[in-house]
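> Build the full structure now, drawing on both the sequences and the hints.
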Amino acid sequence: MKPVNLLVIITLILSASFLLTFASSYIVPTENLRRLALFYLVTTYNPETQYTALSPEGVTAIVWDYRGLDTLFETAVFFLALIAALSLVRGLYAETPPQEVSREAGLSTIVKTVTRITAPMIIAVGASVALHGHLTPGGGFQGGSIVAVAPMVFMVIFSSLYVLRKGVTTTKMLVLRSIGLIGVGLTSIAVFMAGLILGELGYVFQNMPKPGAPLGMPSHVGGTLISGTLWFFNLFEMFAVAAGFTLIFIVLLIAGKKEG
Amino acid sequence: MDMAMVNTYLLIVALVSLFANTIIAIYGIFFKPHYTKKVISLTILSDTLNLFAVYLGFRRWVAGQNPRPPVLVSEPTRDNIISFAQRAVDPLPQALVLTAIVIGLAVTLFLIFLGYMLYTHYKTLDMREIRKLRG
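As they're listed, the protein sequences go chains Z and P.
So the numbering used here is basically just the index in the first sequence, starting at one, shifted up by 15.
So the numbering used here is basically just the index in the second sequence, starting at one, shifted up by 1225.
Certain hints may be false.
Here are the simulated DSSO-like cross-link-like pairs (lysine-lysine), alpha carbons at most 27 Å apart as the crow flies [claimed, not checked]: (1) Z:225 with Z:181; (2) P:1262 with Z:17; (3) Z:17 with P:1357.
To be clear, the hints were calculated from the coordinates, so they are not data collected in a lab.
See the structure below:
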């Protein structure tokens, strides 16, 4: 046996033992872990406190309000990965679609008809998951992932050049992705800019009025709960994620087609 | 056996499965020669660790009470919020795992395109053959 393999096996055994030692005290999670959770659970939708996010859904409140900056950087990382992937395959995919794609390309008529019927449903489900992200489990990223299934199904069922011919090009998707990211950025500094204009104190990523910072986004619009910035974040994140995934699928399928 | 013991047993089964999954994934990353299988093993590893984080945030079982998702479905009165905070699972690991999933997706995306470039250069994704080809 080569010494490298022996080293790897010893490392595996040692690290697995370490993990087991660490986790043996958490076979059933202790009550100490609970104290951190109680703060978020109590304040996430509590009009009596001044530190609330006014969102019934705890996870979205943490993702976009309590820890909003983390999520902004996470979105930035995804965007940078997308840019890196595009720069790796640049020149390998054709930007302009061919003029003639035969109607017989793709699967049979039955599958195409069913796809035409179900694609709007997929998009509707994705939009529903994203826009209700502050009320029910879900959010911008999950909704955007669901929406991106529709173009992928179209690319598989029809030919992969079909969506290009219909105008869903990589440039447009990149522009849509950038618009989503700009929307996220503008929403994050909305209260801050309003504070600059009105002469009040406001913070970046501020959602609801806090003690000492009396400005905040409206929590209800026309009697409907939108949880301030959370609704806008989910909306723009849905656009960004859906466009990003569509871009990846287009590049992967078309680059694979050209190079075999 | 009462319900609490059954539930503890099921939780421990899940935990042991997570450890087995981790070991299998690390084995796949190190010893599988094919690039795609290495990437698959990496995603299995990251998913297992995410599940482990969610497990740590899972609530200690209280007899006769099911843990609830961290979503408040009733009016935000004081009594409702207190009972909600007693029964809901920890939302913080779930939010962190959401972030980790997206970061892992970005890494996987980059690795896939890197593998694509490897294939266009070497016409193979087998690590043993790529090593033979002068790096």
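> Give a verdict on every hint.
Right, here's what the structure says about each hint:
Proximity of residue 225 of chain Z to residue 181 of chain Z is assessed by CA-CA distance (about 48 Å); at most 27 Å being required, the pair is judged violated. Using a Cα cut-off of 27 Å, the hinted pair residue 1262 of chain P and residue 17 of chain Z holds, with the two alpha carbons roughly 22 Å apart. Among the hinted pairs, residue 17 of chain Z with residue 1357 of chain P is consistent with the structure: their alpha-carbon atoms are about 17 Å apart, no more than 27 Å.
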